[in-house]
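Colleague: For the protein sequence lines, the chains are V and P, in the order given. Here the first sequence is numbered in the numbering used here, starting from 1 and rising by one per residue. Here the second sequence is numbered in the numbering used here, starting from 1 and rising by one per residue.
What the hints contain is simulated information worked out from the structure, not anything from laboratory work. Errors might be hidden in some of the hints.
Pairs count within a copy or across copies, as identical chains cannot be separated in the list.
Unchecked claim - Within a straight-line C-alpha distance of at most 30 angstroms, the following computed DSSO-like cross-link-like pairs (lysine-lysine) qualify:
#, residue 1, residue 2
1, Lys40, Lys17
2, Lys135, Lys9
3, Lys135, Lys17
4, Lys12, Lys135
5, Lys40, Lys135
These numbers were taken from a predicted model, which means no experiment stands behind them.
Number of protein chains: 2
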Amino acid sequence: MIDREQVAKRLKGAGYKFTGPRRLVIDVFFRHPEASLAVKDVLAEVQGECPHVSPDTVYRTVALLEKLGVVEPLDFSDEAKKYRLACGTEHHHHLVCLRCGAVMPLQYCPLVEVEDGVEGFSIVDHRFELYGYCKACQQTP
Amino acid sequence: MIDREQVAKRLKGAGYKFTGPRRLVIDVFFRHPEASLAVKDVLAEVQGECPHVSPDTVYRTVALLEKLGVVEPLDFSDEAKKYRLACGTEHHHHLVCLRCGAVMPLQYCPLVEVEDGVEGFSIVDHRFELYGYCKACQQTP
DNA sequence: GATTAAATAAGAATTATTCCTATTTACAAG
DNA sequence: CTTGTAAATAGGAATAATTCTTATTTAATC
Chain V
1 MIDREQVAKR LKGAGYKFTG PRRLVIDVFF RHPEASLAVK DVLAEVQGEC PHVSPDTVYR
61 TVALLEKLGV VEPLDFSDEA KKYRLACGTE HHHHLVCLRC GAVMPLQYCP LVEVEDGVEG
121 FSIVDHRFEL YGYCKACQQT P
Chain P
1 MIDREQVAKR LKGAGYKFTG PRRLVIDVFF RHPEASLAVK DVLAEVQGEC PHVSPDTVYR
61 TVALLEKLGV VEPLDFSDEA KKYRLACGTE HHHHLVCLRC GAVMPLQYCP LVEVEDGVEG
121 FSIVDHRFEL YGYCKACQQT P
C-alpha cells in the first residue's frame, strides 16, 4: 500500500505543489484506506476540519490524485462516482462489499477470455466489478 | 428484440396504466434501438414533441421501465447513467462503441472464472463491460 | 357515464459540481 | 532570509440534473 510520503513525492515529482488543502484531502483517503468515497463525502470531511476550504479545491484535488494514480475510481451502478486509495500499480479489478463498502483488489482479469471472440470490435477499455458481502459482514447479523 | 405491443402488455400486466407520456418515453427508446440514452436526453426528445411533459414524469417512467426490464442501465466510467432497450431475457453483457455510442450484446459472462476464487466473499452481483470501436466506426475516418 | 386510484403538470427546491476573479501561497532563485 | 512567480485557493455565484409538492387530470373499471 502506498504511503503518504510517497504521495507527496509523487505530487512534487510531477511538478505540483504540496499544499495544505491537498494534504487534507489525501489524509481523508488514508483515514479510510478500504472505503469508497464520493467527492462530496471527502469535501464534508475536509470541511469538518477546515471549514473555509472551497468545494472547487476538493474536486480539483481529487481529479488530480486520480490523474496521478493515487486514487482510483470505482463505479457503482446507481450512485455517483467514488474513489479509493489505489491498490497498486498492476492491472486489477475489485470486490465491493454492499454492506460495509469495503473494496478489495481482485487480480483476475477476464479480458483474455473475450479478446478473440468479439469479431470486428476493437476493444480499448473494459470494466469488471464484483458485488457481494465480505467475510466480516457475512458473519455479523 | 422486444416490440412496442409487448411493452404495453407488460405495463398493464404489472398493474400500471399505459398513458400518453409513457408512450412518448417508450417511443424514444424504440426510435434509437442501439443507442445509449441519458434520462435528460430522453426528456429533451419527449419535450420536443410535447413540451408540457414534466421532467418528473420522464424520470419516473424510465425508472419504471427499468424495473420492468424494458430498458437496461449501462454504466460509463465518467458519465451519468444511461439506458437502452433491453437486449433480451438471457443474462448478458455489453460492447459499447466509444465513438457512435452503439451498444451490442455479448453473451459471454466471466463470472464462472472467479466464483471459486474469491475466498470468503459471497458474490451477489457483477458488472462487465467492454469499450472500444465498432466495425463501422473503425472504417470511417 | 360515473368512480377512483394512479399518474401527471407545473414549478419550486435540492444537490452535486463547475465557473469566475481577486487574493494567497509554495517553492525556487538570488 | 527575502523576493519573484506561477500555481493554487477562497468565496460565492452559476449551472445543471434530479426530486419534491400539491392540485388537477386521466386510464381503466364498474
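Colleague: Are the hints correct? Go through all of them and say.
Modeller: Do the hints match the structure? See the list:
no.: 1; hint: Lys40 - Lys17; verdict: within (23 angstroms within a copy, 38 angstroms between copies)
no.: 2; hint: Lys135 - Lys9; verdict: neither (35 angstroms within a copy, 43 angstroms between copies)
no.: 3; hint: Lys135 - Lys17; verdict: neither (41 angstroms within a copy, 44 angstroms between copies)
no.: 4; hint: Lys12 - Lys135; verdict: neither (39 angstroms within a copy, 42 angstroms between copies)
no.: 5; hint: Lys40 - Lys135; verdict: within (28 angstroms within a copy, 40 angstroms between copies)
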